[in-house]
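With the hints as a guide, bring the two chains together.
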Amino acid sequence: MKYVDEFRDPALAEPLIEELHSAVSKPFRIMEVCGTHTMSIFRSGLRTLLPKGIELISGPGCPVCVTSASHIDTILAMAERKNVRIALFGDLFRVPGSTGLSLAHASSKGAGVDIVYSPMDSLELARKYPEDLIVFLGVGFETTTPGIAATIMAAKNSDVDNFAVFSTHKVMPPPLLALLDDPELQIDGLLCPGHVSSIIGACAYQPLVDQYGLACVVGGFEPADILQALILLARQIDRGEACVENAYIRAVHWQGNIRAQQMVNEIFEPVDMEWRGLGVIPESGLVIRKEYEFFDAEKRLDIKVTPAKEPKGCHCGEILKGKELPSQCPLFGKRCTPGNPIGPCMVSSEGTCAAFYKYAE
Amino acid sequence: MCLAVPMKVIEIHGSPDDFLSGQIAVVDVDGIRKETRLDIVDRWPNIGDYLIIHAGFAIHTLDPKEAETNIRLMREMAEKVETIESSPNRL
Ligand code: SF4
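Quick mapping for you: the protein sequence lines, in order, are chains A and B. Residues are numbered in this note's numbering as their position in the first sequence, beginning at 1, plus a constant of 1213. Residues are numbered in this note's numbering as their position in the second sequence, beginning at 1, plus a constant of 1.
Hints listed in this document are in silico derivations from the structure and should not be mistaken for laboratory results. Glycine is no exception: its CB is placed at the ideal position from the N, C-alpha and C atoms. One thing to keep in mind: the hints can contain errors.
[Stated by the list, open to error] Sample of chain A residues with no beta-carbon within 12 Å of chain B, all distances over it, derived:
id: 1; residue: Lys-1322
id: 2; residue: Gly-1469
id: 3; residue: Lys-1512
id: 4; residue: Glu-1537
id: 5; residue: Leu-1538
[To be verified] Some chain A residues near chain B, calculated using beta-carbon distances under 8 Å:
id: 6; residue: Ser-1331
id: 7; residue: Pro-1359
id: 8; residue: Pro-1386
id: 9; residue: Arg-1463
id: 10; residue: Ala-1464
id: 11; residue: Ile-1471
[Stated by the list, open to error] List of simulated lysine-lysine pairs, DSBU-like, C-alpha gap at most 30 Å:
id: 12; chain 1: A; residue 1: Lys-1522; chain 2: A; residue 2: Lys-1322
id: 13; chain 1: A; residue 1: Lys-1341; chain 2: B; residue 2: Lys-35
id: 14; chain 1: A; residue 1: Lys-1369; chain 2: B; residue 2: Lys-35
id: 15; chain 1: A; residue 1: Lys-1295; chain 2: A; residue 2: Lys-1536
id: 16; chain 1: A; residue 1: Lys-1522; chain 2: A; residue 2: Lys-1536
id: 17; chain 1: A; residue 1: Lys-1503; chain 2: A; residue 2: Lys-1369
Here chain B stands alone, though its shape is the one from the complex (with noise of 0.2 Å):
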């Protein structure tokens, strides 16, 4: 079961180039921390990033901007604001 809702890092332990070490995560989940691989994450993570999470690794991270962003591009589109053609998410 995918879970689509990002999560905020709050500690990182491990190094990007060092896989002995164990690339590990600590996120917050609704006030409970909760631990998440960093093994095939597509960009390292600093603390305050939000991470997108599947089956215990991360797959996926965006920072705080990039999170706004996308809450106000649904906005704007909740306004029947045409922003398709001028937005990022046209590909």
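One chain only, chain A, in its complex shape (with noise of 0.2 Å):
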């Protein structure tokens, strides 16, 4: 497929990096959001590449990293129940709870866990095991949820009643908001998400140019759309301005996805969500609305999240935090390795802690 390989061209990706040399004229720190970056970013082999004065930091954009323990627990607890299947996308399969266990292990003792590609493969499910409730979580951002209220619109109009949603939904832009009033963190610019910016669009990082003055560019995910991004914050950075730009337009638009918009106001509503690292984000989560609660799975279950512990001495949440790297984690490597991971951010594909143990850094 010539389009693929167009984006993927290091004809195309080499002048890219020489242009970006140029462009920067003073050290400066960028946080790329999203943990598709954070991996296309290693796995491309650009942090070699880049000039000296970047400083990428990863930030809160990896759902399963910031899914909190007490909703891992809450998860484990639906797994128990009889009668009951968890759908899920594969990242979650293996994410401890405080104590240890996850869904890998309540899988090997019996208990129905299904990995799915879509949430829509749930009705299938729901099809399949017609005794059991289908319970898939809900975890994700802007981009994810859509998806999962159009399968619960689904459900609703094929008459599917054994199939529930667990929602730890998240939005994007509070906690930027909440870590950016964090004077401990300096960042001169911001990588954002490029999906998460094709539903909630571009404009939804003017407050962040507004209030906190921050060079903000929406990126794609090859590398040749991450370099572009990158020129762009690092031009704003060197004339010291500060504006929303758009480095990925094959898919992100100002307004963004306004049907997929209405579709997640349709069944969901927001609410305050605790996030891993970062504690309780006011309205940064969404929940069922009462006129879908039928396919809640917390009421269906009628079943409460509880406060939990984090894993004992694992800094998940000052590297979502941006705080630290995983080598400042003194169990990165030694007792935490994507083997035998301790916290989320080594688990998950798109965690910061699996990347830089993967590419050894």
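This is how it looks when you write it as structure tokens:
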């Protein structure tokens, strides 16, 4: 497919790297918010090609990583129930709860756990296991939520009654505002997440420009996309400007995807949500509206999220806030490895600890 | 995990106003046919358009011309042309 190759063409990246080198006039720090950016930057080897002056730090953009221990514990409690099958995106499978056990353990002991590619697949499971309640784990940001809303809508329209969603959905702007309120975090610009922006629109970052004078550029995920975004960031910082720019026009518009936004608003409403490492952030989460509570797993199973402790010694919280690198965690690469992860940042394929471990920095 | 590469639409099933019909596009991925849901896509696609897909759902449609523009802008930037003052990627 020609189109794919265009974006991965090394001949395209080389001059971009050169241009980036000449655009950087002074050192600066960029937070890349999205876990897919983190992984792509490592996998493509971009980190080693960047000008020395650019420091990249990861933010709270890996959905599995920011899911709190109390939510993981609740998920494990649901998995233990009779006639419940958990459907999930694979990354969550091995994340340990506060006792160190995970869905992988539950599954090996006989709990029904199915890894799916799309939330719609859980409706197939619902047909296959009519005796069970299929609980889809709604873990994700603005890009994932519309698809889950559409799945609930489809379940309603086709009278599927043994399907529910456990919603820990989160929205991106509130934690960024919370992080920027912290005077310890010094960043000059934000590499804004591509597909989250595709839904919420580039306009969502204007408050960060207005209130914090932060340079914001939306970027795609191929190396050429990321380089293009970094060039725009470098130029803004060099000129002492701050504005929202879009380096991912093939997927992102200023207003975002209105159809998807409407679908989400129909099913979900804002709620205060707990984030790993960041605590409870007002209106940073989404729960299922009363009109659709039949599809709300918490209501269907009458289960409550109760506070739980994060794994002892794990520094995921500091890493998600951009304050530490994985190497500053005493467990990194010793007690905590991808084979035996202690915290979610080592489990998720988008986790910062997993990226540093895999690409050995 | 997000895929940033647009995929070409080769078939469309269902219609934009009929939610019960199953709104599905078939896209071509390296010669393999793959189905994607159209429930939440921003613009209903035509055959030959490209889709950006996330977890089985198309989230954004672009026509081949838009796709080309994006590549051209990247090339221009690669050729060190100061495009950003005049280009549409300035928001
Ligand atoms: S290395 Fe392991 S224990 Fe340390 S912060 Fe990362 S996930 Fe947590």
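Each hint, compared with the structure:
The non-interface label for A/Lys-1322 is consistent with chain B: the shortest C-beta to C-beta separation is roughly 28 Å, beyond 12 Å. Remark: the non-interface label on A/Gly-1469 conflicts with the geometry, its nearest Cβ contact in chain B lying 8 Å away (cut-off 12 Å). Non-interface status of A/Lys-1512 relative to chain B is upheld: no Cβ of that chain comes within 12 Å, the nearest being about 24 Å off. No beta-carbon of chain B comes within 12 Å of the beta-carbon of A/Glu-1537; the shortest separation is about 24 Å.
Separation of A/Leu-1538 from chain B is adequate, the least Cβ-Cβ distance of about 22 Å exceeding the 12 Å criterion. Taken as an interface hint, A/Ser-1331 checks out: its beta carbon lies about 3 Å from the nearest beta carbon of chain B, inside 8 Å. At about 4 Å, the closest approach between the beta carbon of A/Pro-1359 and any beta carbon in chain B falls short of 8 Å, and the interface hint on this residue holds. The beta carbon of A/Pro-1386 is not positioned within 8 Å of any beta carbon in chain B (closest approach about 16 Å), and the interface hint is therefore violated.
For A/Arg-1463, the interface hint holds, since its Cβ comes within 8 Å of a Cβ in chain B; the closest pair sits about 4 Å apart. With its C-beta approaching chain B no nearer than about 5 Å, A/Ala-1464 sits inside the 8 Å limit, and its interface hint holds. This hint holds: A/Ile-1471 has a C-beta 7 Å from the nearest C-beta of chain B, less than the 8 Å allowed. A hinted pair counts as satisfied when its Cα atoms are at most 30 Å apart, and A/Lys-1522 with A/Lys-1322 qualifies at roughly 24 Å.
Of the supplied pair hints, the one linking A/Lys-1341 and B/Lys-35 holds, its CA atoms being roughly 22 Å apart against a limit of 30 Å. A threshold of 30 Å between alpha carbons decides the hint, and for A/Lys-1369 with B/Lys-35 the separation of about 25 Å falls inside it, so the pair holds. For the hint pairing A/Lys-1295 with A/Lys-1536, the CA-to-CA distance comes to about 42 Å; that exceeds 30 Å, so the pair is violated. Of the supplied pair hints, the one linking A/Lys-1522 and A/Lys-1536 holds, its CA atoms being roughly 20 Å apart against a limit of 30 Å.
A hinted pair counts as satisfied when its Cα atoms are at most 30 Å apart, and A/Lys-1503 with A/Lys-1369 qualifies at roughly 14 Å.
Consistency with the previously given hints fails for numbers 2, 8 and 15, ordered from lowest to highest.
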